[in-house]
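Visitor: Under the working numbering, the sequence shown has 40 at position 40, and the numbering climbs by one with no breaks.
Keep in mind the hints are simulated off the structure, nothing from the lab. All values reported here derive from a predicted model rather than from experimental measurement. Keep in mind that a hint or two might mislead.
Computed list of lysine-lysine pairs in DSS-like fashion (alpha-carbon distance at most 30 Å, straight line) [unchecked claim]:
1. 92 x 117
2. 92 x 78
3. 92 x 9
4. 78 x 117
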Amino acid sequence: MKTATCVRKATEDDIDSIHSIISSYSEEGILLSRSIDDIGASLENFHVAEVDRDMAGVISFCDYGDHLKEVRSLAVRKNYLRRGIGSALLQKLITELTAANDPRIFVLTYVPAFFEKNGFAVISVDTLPEKIWKDCVNCARWDACSEIALEYRRR
1 MKTATCVRKA TEDDIDSIHS IISSYSEEGI LLSRSIDDIG ASLENFHVAE
51 VDRDMAGVIS FCDYGDHLKE VRSLAVRKNY LRRGIGSALL QKLITELTAA
101 NDPRIFVLTY VPAFFEKNGF AVISVDTLPE KIWKDCVNCA RWDACSEIAL
151 EYRRR
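All chains, full assembly: derive it from the sequences and hints.
Guide: Here's what the structure looks like:
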């Protein structure tokens with residue numbers, strides 16, 4: 001069932017709710033944790049989804065320059081799952097990222113089917129050296145990573 005959702009840029013008033021949503025998934029090992037300070041420092045890269053003024057989900061991106069962007073921290077509160085909120089957040093972010101230029105947009109995820117449904121295709125993580133040297137090389141799961149790399153293909 002689709003839900004009427006407002007997707008908008010995040011504001012400082014959203015930081016605690018963003019942190020709460022991300023933390024619920026990072027505690028399960030599904031998402032990387034993000035500190036309040038980290039969220040605040042990169043707030044301009046966050047969007048939130050609201051349903052009846054209740055924050056239902058969040059998404060952000062990491063900017064590797066004009067031609068490479070990473071989808072990060074896509075999370076929807078569990079009571080709002082399967083209502084199209086994750087897809088709405090992702091499509092809003094893609095629309096904004098592709099408005100000025102045509103960057104490669106990628107994600108590393110444990111749920112590739114969701115991203116494939118939204119126009120992404122599986123790629124080799126080896127095609128993303130910027131990501132590897134920024135984050136992956138320092139990850140505790142470096143030698144046994146089970147995340148799947150995907151790139152946005154619907155142009």
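Visitor: Each hint should be assessed against the structure and marked as holding or not.
Guide: Verification of the supplied hints:
Restraint check: the Cα-Cα separation between residue 92 and residue 117 comes to about 15 Å, which is no more than 30 Å; the hinted pair holds. A hinted pair counts as satisfied when its Cα atoms are at most 30 Å apart, and residue 92 with residue 78 qualifies at roughly 20 Å. Our distance criterion of 30 Å between C-alpha atoms is met by residue 92 and residue 9, whose separation comes to about 10 Å. For the hint linking residue 78 to residue 117, the alpha-carbon distance of about 20 Å falls within 30 Å, and the restraint holds.
Of the numbered hints stated above, none is contradicted by the structure.
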